[in-house]
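Visitor: Single-letter residue listing:
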Amino acid sequence: MNSGDPDLNRAAPIIAAVRQRAPMVHCVSATVSMSIVADGLLAAGVRPMMTETAQEAPVVTSVADALSVNFGTLSTDAMDGIPQTVKAARKAGHPWVLDPTAIGVAPIRTAMARDLVASAPSVVRGNASEILALLGAGGGRGADTSDSPDTARRAAEEIAARTHGTVAVSGAVDLLVDGSSPGHVVRIQRGDPMLTRVTGTGCLLGALTAACAVVSHPFDAAVAATIWLNVAGERAAARATGPGSFRVELLDALDHVGSEAQTLAERGQDS
Amino acid sequence: MNSGDPDLNRAAPIIAAVRQRAPMVHCVSATVSMSIVADGLLAAGVRPMMTETAQEAPVVTSVADALSVNFGTLSTDAMDGIPQTVKAARKAGHPWVLDPTAIGVAPIRTAMARDLVASAPSVVRGNASEILALLGAGGGRGADTSDSPDTARRAAEEIAARTHGTVAVSGAVDLLVDGSSPGHVVRIQRGDPMLTRVTGTGCLLGALTAACAVVSHPFDAAVAATIWLNVAGERAAARATGPGSFRVELLDALDHVGSEAQTLAERGQDS
Amino acid sequence: MNSGDPDLNRAAPIIAAVRQRAPMVHCVSATVSMSIVADGLLAAGVRPMMTETAQEAPVVTSVADALSVNFGTLSTDAMDGIPQTVKAARKAGHPWVLDPTAIGVAPIRTAMARDLVASAPSVVRGNASEILALLGAGGGRGADTSDSPDTARRAAEEIAARTHGTVAVSGAVDLLVDGSSPGHVVRIQRGDPMLTRVTGTGCLLGALTAACAVVSHPFDAAVAATIWLNVAGERAAARATGPGSFRVELLDALDHVGSEAQTLAERGQDS
Chain A
0 MNSGDPDLNR AAPIIAAVRQ RAPMVHCVSA TVSMSIVADG LLAAGVRPMM TETAQEAPVV
60 TSVADALSVN FGTLSTDAMD GIPQTVKAAR KAGHPWVLDP TAIGVAPIRT AMARDLVASA
120 PSVVRGNASE ILALLGAGGG RGADTSDSPD TARRAAEEIA ARTHGTVAVS GAVDLLVDGS
180 SPGHVVRIQR GDPMLTRVTG TGCLLGALTA ACAVVSHPFD AAVAATIWLN VAGERAAARA
240 TGPGSFRVEL LDALDHVGSE AQTLAERGQD S
Chain B
0 MNSGDPDLNR AAPIIAAVRQ RAPMVHCVSA TVSMSIVADG LLAAGVRPMM TETAQEAPVV
60 TSVADALSVN FGTLSTDAMD GIPQTVKAAR KAGHPWVLDP TAIGVAPIRT AMARDLVASA
120 PSVVRGNASE ILALLGAGGG RGADTSDSPD TARRAAEEIA ARTHGTVAVS GAVDLLVDGS
180 SPGHVVRIQR GDPMLTRVTG TGCLLGALTA ACAVVSHPFD AAVAATIWLN VAGERAAARA
240 TGPGSFRVEL LDALDHVGSE AQTLAERGQD S
Chain C
0 MNSGDPDLNR AAPIIAAVRQ RAPMVHCVSA TVSMSIVADG LLAAGVRPMM TETAQEAPVV
60 TSVADALSVN FGTLSTDAMD GIPQTVKAAR KAGHPWVLDP TAIGVAPIRT AMARDLVASA
120 PSVVRGNASE ILALLGAGGG RGADTSDSPD TARRAAEEIA ARTHGTVAVS GAVDLLVDGS
180 SPGHVVRIQR GDPMLTRVTG TGCLLGALTA ACAVVSHPFD AAVAATIWLN VAGERAAARA
240 TGPGSFRVEL LDALDHVGSE AQTLAERGQD S
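Line order of the protein sequences matches chains A, B and C. Note that numbering that gives the first Met the number 0 has the first sequence beginning at 0, numbered continuously upward. Note that numbering that gives the first Met the number 0 has the second sequence beginning at 0, numbered continuously upward. Note that numbering that gives the first Met the number 0 has the third sequence beginning at 0, numbered continuously upward.
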């Protein structure tokens, strides 16, 4: 028994496991996208936790199940807190996702992202220009990108080789590279351009990936989260009349895609 | 003449008075929930004001009508600003609400919340695990809770006895303890589980309580705000198709519940 | 060929040019309104960029096309970063908009706003009480105002004379004063009271003005942005059932008003 959607069938067991476990994901996230990240995680059945100071974040992350670090607006608090928080998450053995938003634009965040790559993120997620900038191979002009994911394939593979982790390059076609298995690459062509008309959908993908990595291998987590968000985006686009209603429908769809998947998985266990 | 809903009848005069007065509520609030707190207050007919630095917040609070302090993401700015802001609000004679979000998780915010209890908050609002942690009587694992409000009854009564204020414990059943009248306890079983699927509804309840405390005794304010938000939540849940649309419907309903109540109160004055 | 709406016809070429150019607008914006500013710009076809620290913001603004400075919640980071960011934007020759939110309430932001006026903002945008406070001519009690725009006409003209820029006073009737052409004043009576029931619509107007100033004279930009947002507000109000749904419809309408205008402009080029 299946949904008739091979991508969704692939993601379904992980989506179901996330809903079952309801993992707590600590997000050090952009101020501008914090609301969609938190509401998106709640819609997906995940418990979000947000705090970023050096005094609190390392302690908080140790009681969570995973960490998602998104540079976003990068406050002074976040700059101070991120390195120790990553250290605490690693010490606790938690999966962690690095989302080096808008690197290449300001020297300080580019240097910080490159340092963090040495801390072996379970998943690095970014658009093509961010992944290129992480290797010093491109410029980048903020969070949007004109580069297609495949232009960053070599950079993604090099980062994956260094971290032995997963690198997920977002775009019209998402490219996922598995550093734990050389040559293992997956392309996912799902979603809707409306996902780029709402702030923070990329940040949400990073946080959702961290949630999925609590219940699966990081590469499978990145694949499942990419499918989850993009299928939700397709359904939302079919119902929305503009970017405002798309955001609302996206949150509803994140809840529904998960619920259907859970039902499918449960059926799978019965059959 | 009444709405046929005893809870709403009880809250109606205070809701009407809030709409009439349009109080200005200064919120030192979590970054992640700031938007729903501000939009929720505006929907309720309240004028929100947000700023948290030690340089500005104490001055700003003095021109407002009430203060709501929510730990939330607890930036360095907020850590510095909160103590002086509370002092300024007390000096101005304003009611103030303490919402010790997620205490028990990080030592720094637990200590800070315990210090603030000595500044006699008009209302302390939290879930059971936060109220327990405030007395050192429990752990707590973030903003969500598995403890039912009644497990925190003794802790709530002790805090209420110390502050001579109100303690409001949120949950499926809300428990409200009146420190100005020993033994005076009210339970409210309203609302919908969807209220836990959207970030910041607890923060909004704290801020709405502060608004109601401008026009009524803090205990009555806590009761009215709890009814206001939870009745709005019930109506929103009846119309929503998921957590995204629930958030939209909740804001609409906060506006409507208030308007009906105002009409009821006006009718009450005529009859 | 035209839309039958003289205001919209006036704004249409600028709206079309914004959509065509998709300018990048760097926003140093209130935390509480950051989400509606970013989503509103995206809906309008503009690329938002948010960051505020002194370490990053001056570098980031130089790769953008315009700068919008909104005091909003005024964090320590923003207080440190704004002066250097404005300097960098001016050095790059970018138009920049000053939105002195809530000045008059706290001495620190009033002094800061007055200093910034000396840096010749392309457009100063505020409500009547903010514009009066900028000249030391009034009090102000936060972001809302009871003063009508015309009470601030003299203050607006004096600021416009000093900056040789545009001063836009928001209210039920918007008053726009052109400092580059003495005596040139435009009044726009569009919009809907619902625009005051959602946080951050004023901040969004400032940022949208910055976007329009990339493709036109700052005064025409302020006129076009005022029409764009207010026509969207009218359409949203006609469809909304409360402040929650109004916010959603407003974002949808910002997208639609732009698209229609583009079509009109394209038709205009053909005819």
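I should point out that these hints are in silico values taken from the structure, not numbers from a laboratory. The beta-carbon is built from N, C-alpha and C at its ideal position, and this holds for glycine as well. Treat the hints loosely; a few may be bogus.
If you anchor each label on the Cβ, the simulated ranges turn out as follows [stated by the list, open to error]:
(1) Gly3/B <-> Asp4/C: 55 to 63 Å
(2) Gln83/B <-> Asp79/C: 32 to 40 Å
(3) Pro5/A <-> Ala119/C: 28 to 36 Å
(4) His255/B <-> Arg9/C: 33 to 41 Å
(5) His255/B <-> Ala117/A: 42 to 50 Å
(6) Gly92/B <-> Gly182/C: 33 to 41 Å
(7) Ile107/A <-> Val184/C: 57 to 65 Å
(8) His255/B <-> Pro5/A: 41 to 49 Å
(9) Ala237/C <-> Ser258/B: 38 to 46 Å
Visitor: So, for every hint listed, does it hold in this structure?
Guide: To see whether the hints hold, each was checked on the structure:
1. Gly3/B <-> Asp4/C: 55 to 63 Å: 45 Å, violated
2. Gln83/B <-> Asp79/C: 32 to 40 Å: 20 Å, violated
3. Pro5/A <-> Ala119/C: 28 to 36 Å: Roughly 59 Å apart at Cβ, these two residues miss the hinted range, so it is violated.
4. His255/B <-> Arg9/C: 33 to 41 Å: Check passed, 37 Å falls within 33 to 41 Å.
5. His255/B <-> Ala117/A: 42 to 50 Å: At 54 Å between Cβs, range violated.
6. Gly92/B <-> Gly182/C: 33 to 41 Å: Violated, at about 49 Å.
7. Ile107/A <-> Val184/C: 57 to 65 Å: Violated, since Ile107/A and Val184/C (Cβ atoms, about 44 Å apart) do not stay within the stated range.
8. His255/B <-> Pro5/A: 41 to 49 Å: 45 Å, holds
9. Ala237/C <-> Ser258/B: 38 to 46 Å: 19 Å, violated
The earlier numbered hints that this structure contradicts are 1, 2, 3, 5, 6, 7, 9.
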